[in-house]
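There are 2 protein chains.
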Amino acid sequence: MNEVKVHAPATVANVVCGFDCLGFALSEPYDEILVRKINEPTIRITHLDDFGLPTDPKKNVVGVALQAMLDLINAGFGFEVEITKHIKPGSGIGSSSASSSGAVVAANHLLGDRFTKLELADFAMDGEKLASGERHADNVAPCIFGGFTLVRSTDPLDIVLLDFPPLFATVIHPQIEIKTSDARAILPKDVPLKDAIRQWSNLGSLVAALAKGDCDLISRSMEDLIVEPVRKSLIPEFDEVKSASLEAGALGGGISGSGPSIFMLSGTPEIAQKIAEAMSAVYGNTGIEFNIHVSQIESEGVRILMDN
Amino acid sequence: MNEVKVHAPATVANVVCGFDCLGFALSEPYDEILVRKINEPTIRITHLDDFGLPTDPKKNVVGVALQAMLDLINAGFGFEVEITKHIKPGSGIGSSSASSSGAVVAANHLLGDRFTKLELADFAMDGEKLASGERHADNVAPCIFGGFTLVRSTDPLDIVLLDFPPLFATVIHPQIEIKTSDARAILPKDVPLKDAIRQWSNLGSLVAALAKGDCDLISRSMEDLIVEPVRKSLIPEFDEVKSASLEAGALGGGISGSGPSIFMLSGTPEIAQKIAEAMSAVYGNTGIEFNIHVSQIESEGVRILMDN
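Respectively, the protein sequence lines represent chains A and B. Count the first sequence with the numbering used here and you get residues 1 to 308, in order. Count the second sequence with the numbering used here and you get residues 1 to 308, in order.
Worth flagging that the hints you see were computed from the coordinates, not collected in a lab. Fair warning: there could be bad hints in the mix.
Stated by the list, open to error - EDC-like mimics (lysine to aspartate or glutamate), calculated; alpha carbons at most 20 Å apart, straight line:
id: 1; chain 1: B; residue 1: Lys274; chain 2: B; residue 2: Glu247
id: 2; chain 1: B; residue 1: Lys37; chain 2: B; residue 2: Glu80
id: 3; chain 1: A; residue 1: Lys232; chain 2: A; residue 2: Asp195
id: 4; chain 1: A; residue 1: Lys88; chain 2: A; residue 2: Glu289
id: 5; chain 1: B; residue 1: Lys194; chain 2: A; residue 2: Glu177
id: 6; chain 1: A; residue 1: Lys194; chain 2: B; residue 2: Glu32
id: 7; chain 1: A; residue 1: Lys88; chain 2: A; residue 2: Glu177
id: 8; chain 1: A; residue 1: Lys189; chain 2: B; residue 2: Asp163
id: 9; chain 1: A; residue 1: Lys212; chain 2: A; residue 2: Asp190
id: 10; chain 1: B; residue 1: Lys194; chain 2: A; residue 2: Asp158
id: 11; chain 1: B; residue 1: Lys88; chain 2: B; residue 2: Glu32
id: 12; chain 1: B; residue 1: Lys189; chain 2: B; residue 2: Asp216
id: 13; chain 1: B; residue 1: Lys194; chain 2: A; residue 2: Asp195
id: 14; chain 1: B; residue 1: Lys194; chain 2: A; residue 2: Asp190
id: 15; chain 1: B; residue 1: Lys58; chain 2: B; residue 2: Glu80
id: 16; chain 1: B; residue 1: Lys117; chain 2: B; residue 2: Glu32
id: 17; chain 1: B; residue 1: Lys117; chain 2: A; residue 2: Asp214
id: 18; chain 1: A; residue 1: Lys58; chain 2: A; residue 2: Asp163
id: 19; chain 1: B; residue 1: Lys212; chain 2: A; residue 2: Glu223
id: 20; chain 1: A; residue 1: Lys212; chain 2: B; residue 2: Asp214
id: 21; chain 1: B; residue 1: Lys194; chain 2: A; residue 2: Asp182
id: 22; chain 1: A; residue 1: Lys212; chain 2: B; residue 2: Glu40
id: 23; chain 1: B; residue 1: Lys194; chain 2: A; residue 2: Glu134
id: 24; chain 1: B; residue 1: Lys194; chain 2: A; residue 2: Glu228
id: 25; chain 1: B; residue 1: Lys117; chain 2: B; residue 2: Asp190
id: 26; chain 1: B; residue 1: Lys189; chain 2: B; residue 2: Glu247
id: 27; chain 1: A; residue 1: Lys58; chain 2: A; residue 2: Glu80
id: 28; chain 1: A; residue 1: Lys194; chain 2: A; residue 2: Asp158
id: 29; chain 1: B; residue 1: Lys194; chain 2: A; residue 2: Glu223
id: 30; chain 1: A; residue 1: Lys189; chain 2: B; residue 2: Asp195
id: 31; chain 1: A; residue 1: Lys117; chain 2: B; residue 2: Glu40
id: 32; chain 1: B; residue 1: Lys212; chain 2: A; residue 2: Asp214
id: 33; chain 1: A; residue 1: Lys194; chain 2: B; residue 2: Glu80
id: 34; chain 1: A; residue 1: Lys212; chain 2: B; residue 2: Glu228
id: 35; chain 1: B; residue 1: Lys212; chain 2: A; residue 2: Asp163
id: 36; chain 1: A; residue 1: Lys194; chain 2: B; residue 2: Glu228
As the list claims (entries may be wrong) - Some chain B residues flagged as far from chain A (calculated, every beta-carbon gap over 10 Å):
id: 37; residue: Phe77
id: 38; residue: Gly78
id: 39; residue: Asp158
id: 40; residue: Glu177
We put the CB at the ideal spot given by N, CA and C, even for glycine.
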């Protein structure tokens, strides 16, 4: 086997009350990444899209993640990578982690699947560090494992796969830029204990509700007292999108990652479509360009499309 | 039917990372409460134990909880109550809520089970308010419903019943007094966001681990960064009891309620017994009197022992 092509899903992190730990994978959009093993001990990156991302492997999340893997095994060989991104960089639905997660899964397959998914997530987190300055696993975990994941700890890395019922997501991506540094600077350093208690009660309840498939309880538990109230100011019409979506039948939702995308969960594809229309009606009046993805929750993570 | 006797279990609240929301019921110890319907619109309380608790219904948690029920239905009748407590008041394993929860379940049975368990929990919370100044449901919920419960919200009351594997608890009750006001005053008003995140990641993980029956993950998730570090100073030898218990095979544990009892969870009755011996060895050197309960997690809440 000399080359492997994978499909790497977009992901939603910071799921409402599960800030910095809870995420899920989307069936749409996704990236396609082809990795070839080459004899030279180097990494070559080509982009088959128009996003103008760096090709220098030290400045590209794929390069950094693959280098972490090559370094660990003292490899005398290298990789050639062709990336076809469909997930827009900066959208807040795990664009960087789809690239790095997809690349390490493909490379691992070329190496006879010698690493576990947990180890692969660890490599991909080096890519996240390049992208955001932090070795976080909120997007990498659902991207590699699929479904809903909870990152209990990043050091040591501990990822919990959650049970969940069939669910659908509607994501609107307003074409504005939110700098990660701004989204981070706006967070409080300390929070009132009583708000933290309410947040963890909601998260515990949400995890139980997902396992039970109890949509009413999922809906009641999707409340964020801590992050959404401060970050929503960075996203025009956030409250209007949310209330129109709830009116259209959404179970709940919030900011995807650190924005600017907003996601809403629902129990049927029909409701997910109605939410898309409601979001579109709100954003149609703003003059801000946007696109909307209607998707199911993808239970599979990065998957092999082709190897030869 | 004129009289009903119930069995009301002790409970552990504030389960490690689930401060103020997560609790479970114990098979030992328990209270027995007999309620008789009487024609006079009054509440009469008799104690068949030596704890010297008040018999004035306005000053007794049972009286207050039953009065809330009588008031709601504009009852023209009353109740006579005989309480046999085996759960020591002030032990931190839900003594007051066993009394109030047991009494309202018994009274409800006399009234043809007209109220739901959630409504009964609401009445019993009036008893908790008398005992602690707060309408909390952390003990009332597992006492009435049994098993592991999560109180998502107290207003409106929202109680989530969790799935869990067979588990055992060892509880040591050092015979010292901790004033609720002291236990509360020592809590921080604000907590670092990063600690709150770690706490809710652990709680989400613990709920998932209980549902999966994954004892390793239960163990890894039982970490409390916020309350235990400050409250453990109120309990002599807390660290020693905890480390001896973990060495004896405990999955984890912490302060029960606001103390002074310490609980440890384990996967088998044999380990639970070994933990009891380890705890006993630590406390044997302190000169402080103590007793120890070895128990399974009780999946049933308050239950009817007799009606006629």
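Each hint, compared with the structure:
1. B:Lys274 with B:Glu247: 10 Å, holds
2. B:Lys37 with B:Glu80: Holds, at roughly 6 Å.
3. A:Lys232 with A:Asp195: Holds, at roughly 18 Å.
4. A:Lys88 with A:Glu289: 13 Å, holds
5. B:Lys194 with A:Glu177: Violated - the C-alpha atoms of Glu177 (chain A) and Lys194 (chain B) are around 26 Å apart, more than 20 Å.
6. A:Lys194 with B:Glu32: 35 Å, violated
7. A:Lys88 with A:Glu177: 11 Å, holds
8. A:Lys189 with B:Asp163: Roughly 34 Å separates the two Cα atoms, so the pair is violated.
9. A:Lys212 with A:Asp190: 33 Å, violated
10. B:Lys194 with A:Asp158: 17 Å, holds
11. B:Lys88 with B:Glu32: Status holds; Cα separation ~13 Å.
12. B:Lys189 with B:Asp216: Not OK: Lys189 (chain B) and Asp216 (chain B) at ~32 Å, beyond 20 Å, violated.
13. B:Lys194 with A:Asp195: Given that 20 Å is the threshold and the Cα spacing comes to 14 Å, the pair holds.
14. B:Lys194 with A:Asp190: 8 Å, holds
15. B:Lys58 with B:Glu80: 14 Å, holds
16. B:Lys117 with B:Glu32: Since the Cα atoms of Lys117 (chain B) and Glu32 (chain B) sit roughly 19 Å apart, the hinted pair holds (cutoff 20 Å).
17. B:Lys117 with A:Asp214: Holds, at about 19 Å.
18. A:Lys58 with A:Asp163: 37 Å, violated
19. B:Lys212 with A:Glu223: 25 Å, violated
20. A:Lys212 with B:Asp214: Status holds; Cα separation ~17 Å.
21. B:Lys194 with A:Asp182: 18 Å, holds
22. A:Lys212 with B:Glu40: Between Lys212 (chain A) and Glu40 (chain B) the Cα gap is close to 46 Å, so the pair fails against 20 Å, i.e. violated.
23. B:Lys194 with A:Glu134: 14 Å, holds
24. B:Lys194 with A:Glu228: Cα-Cα ~16 Å, so holds.
25. B:Lys117 with B:Asp190: 34 Å, violated
26. B:Lys189 with B:Glu247: 34 Å, violated
27. A:Lys58 with A:Glu80: 14 Å, holds
28. A:Lys194 with A:Asp158: 27 Å, violated
29. B:Lys194 with A:Glu223: Cα-Cα ~19 Å, so holds.
30. A:Lys189 with B:Asp195: Within the cut-off at roughly 10 Å; holds.
31. A:Lys117 with B:Glu40: Outside the cut-off at roughly 69 Å; violated.
32. B:Lys212 with A:Asp214: 17 Å, holds
33. A:Lys194 with B:Glu80: 39 Å, violated
34. A:Lys212 with B:Glu228: 30 Å, violated
35. B:Lys212 with A:Asp163: The hint holds at about 9 Å.
36. A:Lys194 with B:Glu228: Answer holds: Lys194 (chain A) to Glu228 (chain B) is near 16 Å, not above 20 Å.
37. Phe77: 37 Å, holds
38. Gly78: 37 Å, holds
39. Asp158: Violated, because the least Cβ-Cβ distance between Asp158 (chain B) and chain A comes to about 6 Å, which does not exceed 10 Å.
40. Glu177: 24 Å, holds
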